[in-house]
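Q: With these hints in hand, go ahead and build the complete structure from the sequences.
Sequence order for the protein chains is A and B.
Using our numbering, you'd call the opening residue of the first sequence number 1 and step up by one each time.
Using our numbering, you'd call the opening residue of the second sequence number 1 and step up by one each time.
It should be emphasised that the hints constitute simulated quantities derived from the structure, not laboratory data.
Even glycine gets a Cβ: it sits at the ideal position worked out from N, Cα and C.
Do not take every clue at face value.
What the hints assert, rightly or not - In silico lysine-lysine, DSBU-like type, Cα no more than 35 Å apart, as pairs:
#1 A:K89 <-> B:K2
#2 B:K189 <-> A:K148
#3 A:K12 <-> B:K50
#4 A:K89 <-> A:K12
#5 B:K232 <-> B:K177
#6 A:K95 <-> B:K189
#7 B:K258 <-> B:K148
#8 B:K2 <-> B:K50
#9 A:K31 <-> B:K50
#10 A:K89 <-> B:K189
#11 B:K189 <-> A:K118
#12 A:K153 <-> B:K189
#13 A:K153 <-> A:K89
#14 B:K225 <-> B:K177
Said to hold, decoys possible - Simulated DEER-style distance windows between Cβ atoms:
#15 B:K204 <-> A:D4: 56 to 62 Å
#16 B:A24 <-> A:Q99: 50 to 56 Å
#17 B:F234 <-> A:G11: 54 to 60 Å
#18 B:D178 <-> A:Q99: 48 to 54 Å
#19 B:S245 <-> A:E30: 54 to 60 Å
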Amino acid sequence: MKVDVNLTVNGKTRTVAVEPRQSLADLLREKLRLTATHLGCEHGVCGACTILLDGQPARACIALAVTLDGAEVRTVEGLQGDPLMETIKSAFHEKHGLQCGFCTPGMLVSSWDLINRKPQLDERDIRVAMSGNLCRCTGYQGIVRSIKAAADKWAETSGAEAKAGR
Amino acid sequence: MKPAPFTYHRAVSLEDAVAQLDNADMIVRPLAGGQSLVPMLNLRLAPLDKLVDLGRIDALRRGEDQGDRIRYGALLSHAAFEDRRVPDGSNGLMPFVGSQIAYRAVRTRGTIGGAISLADPAADWLTTVVALDAEIALIGPRGRRSVKAADFVTGPYMTALDHAELVEAIVVPRRPKDERWGHYKATRKIGEYGESMAVALFDKESGRGRVVVGAVDGAPLVLAKTAAELGKGFDSVRLSGVIQSELVASGRGFSPAKLHLHRNVALRAIRNAGLP
Chain A
1 MKVDVNLTVN GKTRTVAVEP RQSLADLLRE KLRLTATHLG CEHGVCGACT ILLDGQPARA
61 CIALAVTLDG AEVRTVEGLQ GDPLMETIKS AFHEKHGLQC GFCTPGMLVS SWDLINRKPQ
121 LDERDIRVAM SGNLCRCTGY QGIVRSIKAA ADKWAETSGA EAKAGR
Chain B
1 MKPAPFTYHR AVSLEDAVAQ LDNADMIVRP LAGGQSLVPM LNLRLAPLDK LVDLGRIDAL
61 RRGEDQGDRI RYGALLSHAA FEDRRVPDGS NGLMPFVGSQ IAYRAVRTRG TIGGAISLAD
121 PAADWLTTVV ALDAEIALIG PRGRRSVKAA DFVTGPYMTA LDHAELVEAI VVPRRPKDER
181 WGHYKATRKI GEYGESMAVA LFDKESGRGR VVVGAVDGAP LVLAKTAAEL GKGFDSVRLS
241 GVIQSELVAS GRGFSPAKLH LHRNVALRAI RNAGLP
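A: Here's what the structure looks like:
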């Protein structure tokens with residue numbers, strides 16, 4: 001039996017009828033056609049489906065949509081134009097932070113959260129914090145370099161002002 | 001990787017949740033943060049007819065400083081400890097442990113009560129609450145009761161929880177101000193379940209110590225003889241011998257490799273406590 005759930009997805013309020021067993025990831029991809037959220041392992045290990053739930057990173061594949069009535073969901077699509085996300089995206093472009101790109105949406109969301117929480121990051125911090133996002137192409141070198149570059153840039157430019165205003 | 005169909009109930013109170021769970025005709029499970037249960041549902045490892053969602057019971061999300069002890073609601077997330085959004089009486093051990101569990105995207109959702117109820121031998125909180133000598137507050141069809149953490153865990157994935165009973169809170173005694181703690185976890189990859197972990201506590205003032213080893217294929221092991229040795233200072237050869245003999249005497253039948261692993265992890269936790 002389907003249950004009505006109210007969600008704010010990327011700033012838009014939606015009411016959707018979901019089966020109790022439906023994951024947030026499947027709701028986003030199949031019903032709302034927000035296909036930037038990727039499904040890798042579907043049991044919370046690979047991090048490809050990482051989204052922001054009430055502003056905090058979460059695995060969409062192991063969040064049941066039925067439990068999320070009233071929640072605010074933000075996906076990579078919803079972070080388009082966000083100054084920090086744009087900084088991260090250009091860093092991934094410049095420093096070869098992706099090859100096939102399947103893991104990238106999760107990498108972007110996790111690093112967005114990481115840089116937001118910890119503006120000063122060294123390589124070890126990045127490797128520890130990103131250990132929950134698997135990549136099978138890059139060997140992580142490019143990803144770590146990209147996040148480091150984005151964090152440094154964010155700390156020295158617009159980030160300082162934006163954070164002061166927050 | 002999709003769960004089989006089940007029905008859903010959003011509990012409005014603890015009493016409502018217990019009443020829903022108290023059903024002999026079907027398999028009913030409570031949902032806390034879902035970071036272990038939902039993967040198991042996705043893999044169809046955990047059979048389920050009805051899910052009782054505890055997420056809207058606000059009383060379970062409170063951390064309350066009661067002076068000589070701190071009461072943590074079962075639904076407090078690992079991140080709430082990591083970010084120090086709840087009071088701490090463990091001189092920083094609990095915030096540290098919270099920051100070491102899985103990954104940030106899991107810590108924001110996974111809960112201390114859920115982790116303890118599942119009682120995965122390698123769960124970080126299990127070893128920690130046994131080390132801190134916490135009490136587990138339970139609520140069920142026959143009312144409330146409280147169980148010592150060491151008695152709560154009875155084996156791998158086995159607890160003192162009765163039919164339809166829930167963990168309501170974890171009550172942790174405030175530790176002595178000058179007590180030192182050490183923690184060590186052996187994992188192949190950061191964020192994975194530990195292959196071994198240990199917590200060591202030592203209070204110079206009273207001379208009292210406590211050493212607990214986890215991920216030992218069952219309930220965490222309290223190494224009382226080792227703890228009694230802590231007052232004599234850090235001598236790795238002597239301590240190794242005591243830890244080894246206590247691990248062997250536990251009767252868990254550790255392989256030589258596991259014995260070596262657990263012994264060294266316990267020793268490193270003791271060293272990290274910075275014994276004089």
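Q: Is the hinted pair A:K89 and B:K2 satisfied, with a Cα-Cα distance of at most 35 Å?
A: Measuring from Cα to Cα gives roughly 32 Å; hence the hint holds.
Q: Measure nothing beyond the straight line between the CA atoms of A:K31 and B:K50; if it is 35 Å or shorter, mark the hint as holding.
A: 24 Å, holds
Q: Measure nothing beyond the straight line between the CA atoms of A:K89 and B:K189; if it is 35 Å or shorter, mark the hint as holding.
A: 27 Å, holds
Q: Please verify whether B:K189 and A:K118 have alpha carbons no more than 35 Å apart.
A: 22 Å, holds
Q: Has the given pair, A:K89 with A:K12, been kept, meaning a C-alpha gap of at most 35 Å?
A: Holds, at about 23 Å.
Q: Within a Cα-Cα threshold of 35 Å, do A:K153 and A:K89 meet the stated pairing?
A: 12 Å, holds
Q: Given the hint that A:K95 pairs with B:K189, does the C-alpha gap stay at or below 35 Å?
A: This hinted pair holds, its Cα atoms lying about 25 Å apart.
Q: Would the hint linking B:K225 and B:K177 be met if the CA-CA limit is 35 Å?
A: Distance ~24 Å between B:K225 and B:K177 Cα, so the pair holds.
Q: Take the C-beta atom of B:A24 and the C-beta atom of A:Q99, compute their distance, and say whether it sits inside 50 to 56 Å.
A: 54 Å, holds
Q: Holds or violated: A:K12 with B:K50, Cα cutoff 35 Å?
A: Since the Cα atoms of A:K12 and B:K50 sit roughly 31 Å apart, the hinted pair holds (cutoff 35 Å).
Q: Can the restraint linking A:K153 and B:K189 be considered satisfied, given a maximum Cα separation of 35 Å?
A: 29 Å, holds
Q: May I ask you to test the hint 54 to 60 Å on the CB atoms belonging to B:F234 and A:G11?
A: Since B:F234 and A:G11 have Cβ atoms about 56 Å apart, the given range 54 to 60 Å holds.
Consistency with the previously given hints is maintained throughout, with no hint failing.
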